[in-house]
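Put chain L on the given structure of chain X with help from the hints.
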Amino acid sequence: MNTPAPTFQPVSKDALASIGTDPVPVAPYVDPAYFALEKEAIFKNTWIQIGHTCEVPHAGDFILRPFEAGDTSVLITRAEDNEIRAFHNVCPHRGTQIVSESEGHKTRFSCPYHGWTFSNQGDLIVAPDAQQFYIDPKSCQLPHIHVGVAAGFIFINLTDEPEQTLEEYLGDLLPQLERLPHAHATHFTEYVYEVNANWKLTYDNFQENYHLRFIHPRSGAAAGGPENPFGYPTEYGFHDPHRTQRIWSNPNAKASDFQAFAFGKGARFVLEQGYSLEEKQYFGVFPNLFILSTAMTPFSQWILPITADRTRSIIRLYWVGADQNASHRFAREFAMVSALDIHSEDRAVIEAGHRGLASGALSHIHFQAQEVLCRHLFNQVDQRVRKYQAGLGVGRS
Amino acid sequence: MSRLSKLPEAFCDLEQFVDQWALDDANARHCARLDSHADERKQFFAALGPRAAEVLDYLDAKPLDAFTDAEENLMRLMLSLAQVGMAEEIQRDQEAFHAQYARFITINRAVSDQRS
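These protein sequences, in sequence, are chains X and L.
As numbered in the numbering used here, residues 5 to 401 make up the first sequence, in order.
As numbered in the numbering used here, residues 1383 to 1498 make up the second sequence, in order.
The hints are simulated quantities; they were obtained by calculation from the structure and are not laboratory data.
Since this is a predicted model, take the numbers as computed values, not measurements.
Just to be clear, a hint being listed does not mean it is correct.
Said to hold, decoys possible - Quick list of simulated restraints, FRET-style, between CB atoms:
1. X:Gln145 <-> L:Asp1439: 51 to 59 Å
2. L:Glu1397 <-> X:Gln13: 53 to 61 Å
3. X:Arg390 <-> L:Asp1447: 50 to 58 Å
4. L:Ala1428 <-> X:Ser114: 52 to 60 Å
5. X:His109 <-> L:Asp1495: 41 to 49 Å
6. X:Pro147 <-> L:Ala1428: 56 to 64 Å
7. L:His1419 <-> X:Gly268: 56 to 64 Å
8. X:Glu239 <-> L:Asp1406: 52 to 60 Å
9. X:His109 <-> L:Ala1443: 44 to 52 Å
10. L:Asp1451 <-> X:His62: 47 to 55 Å
11. L:Asp1439 <-> X:Ile129: 51 to 59 Å
12. X:Arg390 <-> L:Arg1474: 46 to 54 Å
The C-beta atom is built at its ideal place from N, Cα and C for all residues, glycine as well.
Chain X on its own, in the form it takes in the complex:
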């Protein structure tokens, strides 16, 4: 190279040792019994992202989202008072699921079984032949779920009384998230895939850069370079239960001609909207969401556990405003394609990792210092599972 590059120093192993250095047990990544505990201790017990306000922009809009790790499906409505509400998609009469469309515009929801009809605020409006009941059907509402909105994202909490407000839960991450394009998005692009792997293994693939040079030698070339061959981040942040990292990128990386063309077409719009092309922050929002602040690909990945060995990933690119012209539309499409290509490359290795662990050949796995975010996720999960077990009086130790 002609110009001497600044010397990159990864965050030191010693500085990261406080998060732990021991081998990590395999069972939490494959054991269905552990997953059952995670559902109770975490997914039914904390704030979980379920959608985005731009999915319900107008009064009368609704979305329905399956949430397997909460054993429910969640109806999100925006009513005439502009409030966003969340309900279990369950008729209080005999439990039938009421809504089957994944999104739409409706102010009333009728149960297909016996015609009980509810407002989008959850109140029962009609119960046919109501006088036959031994209760007052008017006292029956759609089962309510706690809901919160932060930085444009809609979160739910399945507990009867959340221990923290959503704002308390997100803590010092919240003001940083509020500055992102995601917080102001009006549109999004979404792609989805399922893998035969545990949700933590799926998430972990996106929490370390150690694999990039092996799995993404072409699509991820700009993430590494001679001074930082593994593309390690420049810093980590631990905001329990959440975590952050600042992504390093190679200042001397050579984009292909077509990449450079597409990037040039998109950059103007990003700058016009007041976002920086230098944003490279990664936010791991516990338990199953991560967000990249990169303005060209304003990205979130939502990792939804289905079973102990099956996971759905929903990837979104959040856009502020509609496409302004053909160049803008083309640049956004290219950003989506670039992200999708990288995701497709990860799939095989995530599944191979799960199969290897499920074989029972190993009792423990090893995280190096620069896999500290994977370790942090494990720690945060395991603390909650242990606390839940202790509450049941069946702690493991």
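Same frame as chain X, now just chain L:
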């Protein structure tokens, strides 16, 4: 412009690519890339790639919601070029390997799907 033209007159030499690549939505374009033959991608990229800047300059002169059908086809060719450009310039000889895993991904919606 002939009523039967699939593309604006200045780009009518690209008409042979319309049926395969000027598709309705992002997932259809994703699938078209995965189902395409290496020679088809190569020819498409060789024909449209060098004209990409000219095409966008032409289309940028009009709001998206004022496109004629021929202009919309041209826009859609450019959106497929985003897919094929990745295959040709980044994945290259690994595109077939990449495609076998990309098939598991479905694009549910894209901001480009909205024909305003």
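We went through each hint and held it up to the structure:
no., hint, in the structure
1, X:Gln145 <-> L:Asp1439: 51 to 59 Å, "holds, 57 Å"
2, L:Glu1397 <-> X:Gln13: 53 to 61 Å, "holds, 56 Å"
3, X:Arg390 <-> L:Asp1447: 50 to 58 Å, "holds, 56 Å"
4, L:Ala1428 <-> X:Ser114: 52 to 60 Å, "holds, 56 Å"
5, X:His109 <-> L:Asp1495: 41 to 49 Å, "violated, 18 Å"
6, X:Pro147 <-> L:Ala1428: 56 to 64 Å, "holds, 59 Å"
7, L:His1419 <-> X:Gly268: 56 to 64 Å, "violated, 30 Å"
8, X:Glu239 <-> L:Asp1406: 52 to 60 Å, "violated, 44 Å"
9, X:His109 <-> L:Ala1443: 44 to 52 Å, "violated, 35 Å"
10, L:Asp1451 <-> X:His62: 47 to 55 Å, "violated, 30 Å"
11, L:Asp1439 <-> X:Ile129: 51 to 59 Å, "holds, 56 Å"
12, X:Arg390 <-> L:Arg1474: 46 to 54 Å, "holds, 49 Å"
Of the numbered hints stated above, those contradicted by the structure are hints 5, 7, 8, 9 and 10, listed in ascending order.
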